[in-house]
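So the chains spell out like this:
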Amino acid sequence: MTGEKIIESMLPMHDRSNGLGGGFAGYGIYPEYKDFYAFHVFYNDNSARAECEKLLGESFEIVKAENIPTRKIPEITDIPLIWRYFAAPRDSVLSRLQLDEKELVVRFVMHVNSKIDGAYVFSSGKNMGTFKAVGFPEDVGRFYRLDEYEAYLWTAHGRYPTNTPGWWGGAHPFSLLDFSVVHNGEISSYDANRRHIEMFGYKCTLRTDTEVIAYIADYLLRRCGLTLEEVASVIAAPFWSTIEKKEPKEAERLSYLRKVFPSLLVTGPFSIVLGFDGGMMALNDRLKLRPMVVAEAGDRVYVASEEAAIRAVEPDAENVYAPMGGEPVIVRVKEGAY
Amino acid sequence: MAISYIFPEFEVVRNFDRCITCRVCERQCSNGVHSYDEDGKVMLADESKCVDCQRCVALCPTRALKIVKNDCTFREDANWSGATIKEIYKQAESGGVLLSSMGNPQPLPVYWDRILINASQVTNPSIDPLREPMETKVFLGKKADDIRRGPDGELICDLPPQLELSMPVMFSAMSFGSISYNAHESLARAATELGILYNTGEGGLHEDFYRFGKNTIVQVASGRFGVHEAYLNAGAAIEIKMGQGAKPGIGGHLPGKKIVGEVSRTRMIPEGTDAISPAPHHDIYSIEDLRQLVYSLKEATQHKKPVIVKVAAVHNIAAIASGIARSGADIIAIDGFRGGTGAAPTRIRDNVGIPIELALAAVDQRLRDEGIRNNVSLVAGGSIRSASDVVKAVALGADTCYIGTAALMALGCHLCRSCHTGKCNWGIATQRLELVRRLNPDIGTRRLVNLLTAWKHEIAEMMGGMGINSIEALRGNRLMLRGVNMTEKELEILGISHAGE
Amino acid sequence: MKRVYANEKWCLGCHLCEYYCAYANSGKSDMVKALRGKKIYPRIRVEGDDKITYAVSCRHCSDPLCVKSCITGALHIEDGVVCIDRDRCVGCLTCILVCPYGAVVRGEGGVVQKCELCLKNAVGSPACVLGCPNQALVFEER
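Chains as they are written, first to last, in this note's numbering: chain P, 9 to 346; chain W, 170 to 670; chain X, 173 to 314.
Treat the hints as calculated values from the structure; they're not laboratory data.
Every residue, glycine too, gets a C-beta built ideally from N, C-alpha and C.
Be careful, since some hints might not be right.
[Said to hold, decoys possible] Here are some chain W residues pointing at chain X (derived, C-beta under 7 Å):
id: 1; residue: ARG187
id: 2; residue: ILE189
id: 3; residue: CYS191
id: 4; residue: VAL193
id: 5; residue: ARG196
id: 6; residue: LEU228
id: 7; residue: PRO230
id: 8; residue: THR231
id: 9; residue: ARG607
id: 10; residue: ASN609
id: 11; residue: ASP611
id: 12; residue: ILE612
[What the hints assert, rightly or not] For each label pair, taking beta carbons as the anchor points, the in silico distance ranges come out as:
id: 13; chain 1: W; residue 1: ALA668; chain 2: P; residue 2: VAL101; range: 42 to 48 Å
id: 14; chain 1: P; residue 1: ASP108; chain 2: W; residue 2: ASN485; range: 37 to 43 Å
id: 15; chain 1: W; residue 1: ASN485; chain 2: P; residue 2: ARG231; range: 30 to 36 Å
id: 16; chain 1: W; residue 1: GLY264; chain 2: X; residue 2: PHE311; range: 54 to 60 Å
id: 17; chain 1: W; residue 1: THR622; chain 2: X; residue 2: MET173; range: 28 to 34 Å
id: 18; chain 1: W; residue 1: PHE243; chain 2: X; residue 2: ASP202; range: 38 to 44 Å
id: 19; chain 1: P; residue 1: GLU66; chain 2: W; residue 2: ASN485; range: 34 to 40 Å
id: 20; chain 1: W; residue 1: HIS626; chain 2: P; residue 2: ILE81; range: 54 to 60 Å
id: 21; chain 1: W; residue 1: ILE257; chain 2: X; residue 2: GLN307; range: 44 to 50 Å
id: 22; chain 1: W; residue 1: LEU285; chain 2: P; residue 2: SER122; range: 28 to 34 Å
Modelling step: build the complete structure from the supplied sequences, incorporating the hints.
And the structure:
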């Protein structure tokens with residue numbers, strides 16, 4: 009699928025955002041560089057760029073560094089420097105720090121975002137990339153020329169910021185490694201989640217709540233080795249009263265997850281789509297305080313806040329349904345298709 | 170000494186137009202304030218004995234009595250307050266250390282009252298606890314370090330021992346001896362009914378109360394009174410008391426006159442002997458010694474009971490807590506300088522220690538900075554007065570709170586601060602049988618259950634307002650708090666923003 | 173039938189039950205007006221010594237000796253409650269002699285009085301129980 013389709017689907021959603029942030033994530037977009045981490049970085053100026061590139065060069069072999077191609081359009085203004093790097097971690101660094109390469113990437117991202125003034129790494133996965141800006145999503149998509157990329161999975165988001173400023177770094181998706189999150193909602197548990205996750209080296213620097221979900225996903229999936237279903241049972245944990253009614257083994261499992269990860273329960277309204285290498289997971293908060301619908305068309309699956317977004321690009325979509333609060337919808341691309 | 174320089178603190182005001190001379194005031198005053206004058210057929214009062222416990226006021230059927238502050242005044246000034254002057258006179262008369270009961274009454278800042286709670290508007294729906302589930306259940310204990318799976322890939326669901334609470338409140342340590350059998354029974358039964366825990370304090374566990382074991386924390390303090398193997402295994406958890414907020418650095422002293430009958434038996438010391446808890450544990454002179462005691466207690470209980478270490482909030486509390494978190498303890502209880510006591514030297518109570526709000530915030534942040542917050546749960550105590558104090562404590566980072574004074578007030582305590590006299594008119598801080606009888610545990614239990622049921626409703630309302638439907642999402646959620654009337658430094662330590670920010 | 177039971181374990185000997193009883197049966201709307209400066213004639217009495225106290229009032233026996241012995245039929249049973257018709261009582265005091273509990277006493281004006289569970293006064297249920305500060309008196313079915 010090219011990015012054109014997802015831009016189109018965002019058009020009827022125009023009124024759900026206010027022009028203060030739009031963004032996309034595409035998976036499978038860099039087949040020729042699929043073995044390299046693709047870093048997308050905003051810079052306020054060239055001195056931030058120099059500092060960041062120096063740091064990047066110390067730990068990574070950079071095989072390509074370039075401006076991300078954009079299209080000049082009047083709707084997008086106040087544009088920072090937008091760079092992308094394809095890079096591989098240096099073996100010497102990995103062995104010196106005794107880290108696996110993903111951990112090295114995470115530390116690099118956290119360091120840049122928290123320590124280098126005016127530099128934000130907003131995408132750091134392999135064979136995927138996020139593209140975001142201040143503007144309406146359809147304009148952001150055209151700005152980044154997404155019609156020129158092909159992906160097996162696209163996510164998109166239009167922002168209507170309420171608690172935090174509208175700025176380039178604050179647009180969705182938020183991503184770390186190959187995880188990306190788009191989020192409709194507001195997290196009332198944010199500071200509990202943030203202060204917990206920051207114990208493990210993550211730093212919430214982007215001044216918006218959604219960021220923390222990306223880090224929680226990385227922490228639980230990559231560091232703790234939980235399955236997607238288990239992650240859903242942590243962040244949208246079933247109520248104790250529900251757990252009590254489950255059969256004993258399942259009740260034990262669910263109660264264990266709640267007891268071990270109480271601080272990663274996410275409350276407040278949310279519908280999120282978590283993109284990862286090979287698929288996506290859609291999830292609603294446990295009270296279902298935000299809309300989310302799922303539909304299918306052939307071998308494609310669509311998830312959106314409103315059915316209209318799906319109908320815009322797939323008028324004949326079938327099996328349209330709204331998942332229950334806390335019920336994860338997990339979609340994986342067929343083996344070998346990416 | 171021929172004359173006393175101290176005038177009575179209170180005045181007994183009797184409305185003779187209402188008094189029916191039923192003499193209940195006389196019968197109920199253990200301090201001997203009231204008496205009946207046969208000749209004049211009127212009630213008399215010796216107010217020099219009055220401690221303003223309000224027992225007579227509460228029982229007077231015609232509301233003919235009130236106790237007011239005596240407005241007779243010393244020549245006070247901003248430096249020499251009436252209270253200070255009186256203390257000088259008392260010491261000049263007695264030559265002794267001044268004793269006080271209950272918490273620090275000085276006008277030092279109460280940070281709870283400078284912290285305000287958030288609520289949702291527009292962008293995030295508030296949740297109505299009457300319509301939606303609202304979870305206040307808390308688990309205390311060390312969390313698992315890593316996730317392990319069996320050969321089939323299934324999660325191995327074993328955890329270090331956990332304590333389950335239906336709400337983030339527990340009754341703090343008050344020993345049998347410092348308080349009465351009936352007070353203990355009320356606390357134990359209420360804890361059981363509420364699904365929370367009460368704490369034996371350092372007085373052993375009366376054999377009648379072993380049946381409440383699932384809801385009991387058994388305490389091991391420096392005097393080791395009443396400690397034996399069955400005791401350690403009787404409760405749900407063991408608490409090592411290193412210190413108390415009302416008297417950091419000081420031990421305890423239960424006078425021999427309170428060591429009578431059952432108290433003596435339960436403490437395993439002879440009747441009439443003073444029960445003196447040393448200031449330090451004499452087997453703990455450093456943190457590594459604490460670690461040994463923690464593991465000794467775990468060994469004695471087959472590693473089935475979480476171990477709580479209770480410390481007073483003192484200047485270096487964050488570093489101390491960090492040490493405890495690495496000592497094998499499962500839970501740290503911090504007791505602030507406003508915490509209550511049955512008896513403490515007045516100077517210590519009023520001048521030693523730091524506020525729980527600052528201590529809690531500093532400890533929670535320090536443990537997070539060191540990445541060991543998951544090693545332990547945190548209990549905050551030292552004057553938690555209401556459901557909003559609980560909400561604020563949890564948002565600052567506490568897993569649960571201890572309440573002592575508030576619980577005693579539910580039982581009838583009127584804060585007369587005379588526990589050390591042993592003549593509690595409400596049957597709480599006394600061992601005199603005719604006074605103990607005044608606290609019927611059926612009534613005591615119901616009042617405690619009522620109090621915490623009310624608090625639970627209020628906690629749920631406040632959580633719902635914030636759009637939070639589970640207490641764990643509130644824990645450490647400092648964005649939900651704002652400060653007023655505080656300096657930058659205070660805000661920084663509390664880790665909260667000023668209102669308007 | 174619900175009766176008033178005393179639990180000596182919780183009795184404080186405060187005598188408030190006597191005053192609430194006297195007030196309840198005074199017909200007055202204010203306790204001060206009813207009792208101030210007056211001798212009281214309660215239908216419940218606190219007995220005991222300095223170790224133990226308890227309040228005694230009519231047991232409302234199912235086969236009451238007082239009713240059997242009443243020569244005028246003033247004492248009678250209404251729905252299980254032993255009641256007295258003060259207009260018929262001649263003050264012979266036989267009932268006081270036969271009551272094993274000492275629960276029947278002379279009232280003001282010579283005739284006998286006894287606990288009627290406050291069913292006939294404005295309170296409607298035993299005032300002694302309502303006024304007891306320690307639940308040493310209960311009104312219940314046993």
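Consistency of the hints with the structure:
no.	hint	result
1	ARG187	5 Å, holds
2	ILE189	4 Å, holds
3	CYS191	5 Å, holds
4	VAL193	5 Å, holds
5	ARG196	5 Å, holds
6	LEU228	6 Å, holds
7	PRO230	6 Å, holds
8	THR231	5 Å, holds
9	ARG607	6 Å, holds
10	ASN609	5 Å, holds
11	ASP611	6 Å, holds
12	ILE612	6 Å, holds
13	ALA668(W) to VAL101(P): 42 to 48 Å	46 Å, holds
14	ASP108(P) to ASN485(W): 37 to 43 Å	38 Å, holds
15	ASN485(W) to ARG231(P): 30 to 36 Å	33 Å, holds
16	GLY264(W) to PHE311(X): 54 to 60 Å	55 Å, holds
17	THR622(W) to MET173(X): 28 to 34 Å	33 Å, holds
18	PHE243(W) to ASP202(X): 38 to 44 Å	42 Å, holds
19	GLU66(P) to ASN485(W): 34 to 40 Å	39 Å, holds
20	HIS626(W) to ILE81(P): 54 to 60 Å	55 Å, holds
21	ILE257(W) to GLN307(X): 44 to 50 Å	46 Å, holds
22	LEU285(W) to SER122(P): 28 to 34 Å	29 Å, holds
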